[in-house]
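As a plain string of letters, each chain reads:
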Amino acid sequence: MRELALHLLDIAENSVSARAENIYILVEEDTRNDTLRMLVKDDGIGMSPEMVAKVIDPFTTSRTTRKVGLGIPLLKAAAEACEGWLKIESTIGLGTTVEVLFKRSHIDRMPLGNLAETFVNLLIGTPQMHWIFEYKLNQKSFVVDDKEIKEELGDIALSEPTVIKFIREYIQSGILSVKEQV
Amino acid sequence: MNKIKSLEDLKKVREEALRKRELRATSGQIEIVVGMGTVGIAAGARETLKAILDFIESENVSGVVVRQAGNIGLDSFEPVVQVTVGTEPKVTYGKVSPDSAVRIMKEHIVEGNIVKDLVINI
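As you go down the protein sequences, you meet chains A and B in turn.
According to our numbering, the residues represented by the first sequence are 1 to 182, in order.
According to our numbering, the residues represented by the second sequence are 1001 to 1122, in order.
If we strip away everything but chain A, and leave its shape as in the complex, we get (with noise of 0.2 Å):
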């Protein structure tokens, strides 16, 4: 995967998987502390120490489900070679909380890529799921959360025409709207 953005679909559909109803997904760019965060909290079903453990390093355990993935292991490479770190906490029955950190400036970070796309995505393809956006670049921040959306719309599906356009719209102009206050 070549975009931040990717793993952050990535890690949101293993809350997905994990039987979550709220999902708090956090982007915090700070450009005074040259740090780059991605958050992803879930009050899904969880995990024991052990398998957190085997989450992040799959090859100390031989998986016999397709549950657990190489997802998180690259990505957790990819932030320590850029002088960060990926930690997860996590409590069966209460949720799982991913955090990610990357230097900002460092050379091999990836682009963050297309987040508005990828909270589309989540949005309109878990149409099941309360999601909560927040982008936030140093103090400004953008939050959807789209039981705003959805209470408004009603019994209308969020893959009508009218009703996709107005998502990408608003998130996008919204990320837009953070970066250019700068």
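The hints are simulated quantities; they were obtained by calculation from the structure and are not laboratory data.
Every residue gets a Cβ at the ideal spot worked out from N, C-alpha and C, and that includes glycine.
Treat the hints with caution; some may be incorrect.
Label-pair ranges, simulated between beta-carbon atoms [as the list claims (entries may be wrong)]:
| hint | chain 1 | residue 1 | chain 2 | residue 2 | range |
| --- | --- | --- | --- | --- | --- |
| 1 | A | 34 | B | 1029 | 48 to 54 Å |
| 2 | A | 107 | B | 1114 | 46 to 52 Å |
| 3 | A | 139 | B | 1122 | 47 to 53 Å |
| 4 | A | 97 | B | 1112 | 42 to 48 Å |
| 5 | B | 1097 | A | 147 | 33 to 39 Å |
| 6 | A | 87 | B | 1120 | 37 to 43 Å |
| 7 | A | 32 | B | 1007 | 49 to 55 Å |
We have chain A; now place chain B onto it with these hints.
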């Protein structure tokens, strides 16, 4: 300059969607599922889904439900797209590039003909 969309605009969006729904003939529910596991994403599933959403938007195709699913279990065929039209059996397409996705939308969703050369048999 880019105009910032507000949630106020949603009311109009909803009204327009309701109006269209009244006009639409009932041809049965159409569901499109895109596999969005690690392998799918790495193989370009996000761009495939984007192509599907773009088509719906530009061609004004109403009444289609688009969803993403985790790993469908067909790694070597990713990106995988599954289409279900009404009560017809589910059709599974493999290695669906954005261009192939547009073909599926045109030929299968709009015209009702399965795109045979993209189908994988499972």
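Structure-based check of all given hints:
Against the hinted window of 48 to 54 Å, the Cβ-Cβ separation of residue 34 (chain A) and residue 1029 (chain B) comes to about 50 Å, which satisfies the hint. Between residue 107 (chain A) and residue 1114 (chain B) the CB atoms are about 48 Å apart, so this pair conforms to the stated range of 46 to 52 Å. For the pair residue 139 (chain A) and residue 1122 (chain B), the supplied restraint of 47 to 53 Å holds, since their beta-carbon distance comes to about 51 Å. Distance hint for residue 97 (chain A) and residue 1112 (chain B): a CB-CB separation of about 46 Å, consistent with the stated range 42 to 48 Å.
Against the hinted window of 33 to 39 Å, the Cβ-Cβ separation of residue 1097 (chain B) and residue 147 (chain A) comes to about 34 Å, which satisfies the hint. Judged by the Cβ atoms, the range 37 to 43 Å given for residue 87 (chain A) and residue 1120 (chain B) holds: they are separated by roughly 39 Å. Separated by about 31 Å at the C-beta atoms, residue 32 (chain A) and residue 1007 (chain B) break the suggested range of 49 to 55 Å.
Consistency with the previously given hints fails for number 7 only.
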